[in-house]
Amino acid sequence: MARTSMARRQAVRGLLAAGITLLSVGSWLPADAQAQTVKIGYAISRTGPFAAGAQISQEPNYILWAEQVNAAGGLNVKGKRMKVELVGYDDRSEVETAVRTYEKLMGSDKVDLILPPWGTGMNFAVMPLMQKYGYPMLAPTATGRKLLSMKNPYFFALLQQPDLMMIALAEFMKARRVETAAVVHVDELFGLEQMSALEAALKEKGIRIVEKKSYPIGVKDLQPVLNDIKSKNPDAFIALSYPPDTFLITGQSREVGFNPKLFYASVGTAFPVYRDKMGPAAEGVMGLGSWNPKMSPAAKAYFDAHVARWKKEPDRWASAHAWAGLQILQQAVEKAGLDRKALRDTIASGEFNTVIGKIRFRNGENVSTPGVVSQWQGGEFEIVWPPDRATSPALHPKPRFR
Amino acid sequence: MIFWFELVAGGLITGGIYAVVAMGLNLQYGLMRIMNISHGEFLMLGAYFTWLAHTVLGLSPLVALPFVMAGLFALGLGVYWVCFRRITRTAPSVEVIEARSLLVGFGLMFLVQNAAYLAWGADLRGYSYLAEPLQVAGLRFSANRLVVFAFALAASLALLAALRWTLLGKAVRAMMQSPTGAQLLGIDTRLLHPVVFGAGLALAGAAGALLSMVYEISPSMGEPYTVTALIVITLGGLGSATGCLLGGLLLGLIEAFGMHYTSPSLKMLLSYGVLIAVLLARPKGLFAR
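Those protein sequence lines, which keep their order, are chains A and B.
Note that the first sequence covers residues 1 to 402 in the working numbering.
Note that the second sequence covers residues 1 to 289 in the working numbering.
Since the hints were derived computationally from the structure, they do not count as laboratory data.
Small disclaimer: the values here were computed from a predicted structure and weren't measured.
Incorrect hints may have been included.
[What the hints assert, rightly or not] Residues of chain B placed beyond 12 Å of chain A at every Cβ, according to the derived structure: (1) R86; (2) E95; (3) A137; (4) L157; (5) L163; (6) T180; (7) L192; (8) P194; (9) M221; (10) P224; (11) V278; (12) A281.
[Stated by the list, open to error] Distance ranges between label pairs, derived from CB positions: (13) V8/B to P397/A: 29 to 37 Å; (14) P399/A to L57/B: 31 to 39 Å; (15) T37/A to R89/B: 51 to 59 Å; (16) W81/B to K232/A: 51 to 59 Å; (17) L139/B to E380/A: 43 to 51 Å; (18) L157/B to D304/A: 48 to 56 Å; (19) E380/A to P283/B: 55 to 63 Å; (20) V307/A to Y272/B: 39 to 47 Å; (21) T55/B to P397/A: 26 to 34 Å; (22) M150/A to L269/B: 30 to 38 Å; (23) F5/B to P397/A: 25 to 33 Å; (24) G74/A to W81/B: 51 to 59 Å.
Note that beta-carbon positions come from the ideal geometry of N, C-alpha and C, so glycine has one too.
Required output: the full structure, derived from the provided sequences and hints.
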């Protein structure tokens with residue numbers, strides 16, 4: 001009995017000793033490896049209501065990019081190759097969690113670089129931290145003049161601003177002699193800002209709004225509203241909508257046989273799942289988009305790499321902007337290294353070649369990518385406006401819902 | 001004229017969807033006082049199973065429906081065995097069952113939701129099925145919504161009949177009124193309890209299967225449906241199958257007319273306003289006895 005307990009004690013001691021040795025080995029090994037890696041931290045929604053958007057447009061690109069960079073020998077830091085190590089956390093779609101995580105990443109973990117969270121609200125919440133700790137942030141899923149009006153020197157918005165997108169739409173409508181429009185918008189910062197941009201753009205082009213209605217997030221039925229609008233018979237219907245309602249509005253318009261000459265819905269139309277869920281009803285629907293694989297060989301290469309890695313297509317709006325943000329970061333690090341002040345200045349003053357074309361910033365705004373109108377045609381979200389960027393002529397009037 | 005018919009019919013169909021969503025929880029909370037706050041999560045599971053059956057196996061969602069229900073019924077027996085058996089056995093009163101099951105339900109909610117994130121990721125998923133508009137008496141509806149509505153009617157009536165006229169139904173109601181009394185009369189509550197709980201989960205699965213034809217799905221889709229279900233069964237009266245159906249339909253109609261006369265943005269205000277009004281006038285719900 002005594003012997004067994006003795007033996008056990010020895011065994012435990014042996015294990016402990018082995019553990020301590022391992023630990024001490026472990027503590028100096030990464031330190032050595034650390035010198036060779038660039039730590040890039042971020043918080044993003046993997047769970048909760050924002051997860052769908054974040055996992056469609058943003059995080060898959062981070063991971064794909066890091067893998068590609070490492071496979072090519074590492075990130076070029078002023079001529080020196082260093083492996084990229086992503087440190088990603090789930091912000092659970094909670095603003096406080098995102099803020100705390102970025103505090104930790106920049107304040108105590110002292111990562112080398114950061115990548116942005118998903119969504120306008122999240123970016124808005126963590127922006128002040130970027131300025132406090134001096135980390136440049138290239139945000140692919142944040143829109144709104146409100147963010148830019150903060151004049152935060154470390155914040156760069158990759159997406160086209162609402163006014164650009166709405167002016168492009170109004171220009172297209174004017175060119176096709178659309179005279180009246182009905183609008184619904186989601187009762188939320190995004191919907192309100194798009195709405196005021198759209199009203200201004202339509203007024204300037206002399207297009208009359210015959211009906212406008214707002215609706216709350218999470219609505220499950222809009223048939224009464226669509227019936228009302230159908231009875232007013234507008235030339236164009238514009239929904240400034242979020243993903244669940246974008247699907248709902250399309251499905252129910254088809255249901256009530258509402259067939260305006262122009263049918264536009266906003267966030268979510270660019271998702272491949274929109275085409276899959278809507279089937280033939282997607283044909284001719286216009287929406288917020290920015291690119292597609294037909295645009296350039298670079299876009300095609302990005303598209304193919306994404307499909308090969310994730311077995312799913314990237315969305316035709318923010319995904320490529322996320323990729324462009326990573327490309328800009330990569331080019332800036334090559335030039336300025338990991339000195340974040342120099343890095344910020346390089347991003348702010350330079351011009352960069354990206355998957356969506358050349359990008360230059362002025363006061364944090366991407367002033368190179370124009371407002372775009374896209375339209376589903378035979379399974380691809382074609383760019384139909386402006387003419388010099390179009391990948392296909394517009395289908396106008398839109399074919400009736402099938 | 002046709003416009004008003006459309007408004008009423010649209011409201012009824014949405015109401016039917018609400019009733020389907022609420023039916024499963026009505027069994028669990030209404031009849032057993034198990035406050036299964038993870039109801040929406042099991043609905044989500046039903047939606048995912050149907051989506052998988054449709055996209056991977058090529059099964060029609062309507063063919064998959066009975067399998068999904070059977071699967072969730074079995075899962076329900078398991079969940080009951082692991083989580084709720086002890087609670088219902090040891091709780092001194094139904095109020096205690098309510099409070100304890102609420103906590104367990106919260107845990108289940110996170111567990112099931114995160115399991116779905118692990119299994120399928122956070123992407124929106126969806127498929128197109130029976131989305132063609134149908135012309136019925138001059139009114140237009142998508143076929144899949146009509147299917148949901150028909151299921152709501154049929155299932156509610158079946159449930160109503162079963163609870164009222166079958167021996168099993170009477171046993172279930174007896175168990176609800178007095179667990180001890182029921183046992184004294186020879187009703188095997190140890191068998192009946194898990195079966196009713198499982199049936200609740202099976203109905204949640206059926207609702208998910210049907211909704212996956214109409215809406216797109218994601219692991220976080222469940223929570224709003226739990227809230228809808230709670231409103232509907234409170235409105236209709238806990239445990240009442242008629243109340244669940246009529247409560248759902250009423251809510252759908254109020255929302256349809258409310259949206260027409262005011263703004264869709266006031267939808268939540270209207271729903272909760274009606275709920276509060278009903279609770280003030282009839283604290284036990286519209287159809288409680």
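Violations among the numbered hints: The structure breaks hints 9, 10, 17; every other hint is satisfied.
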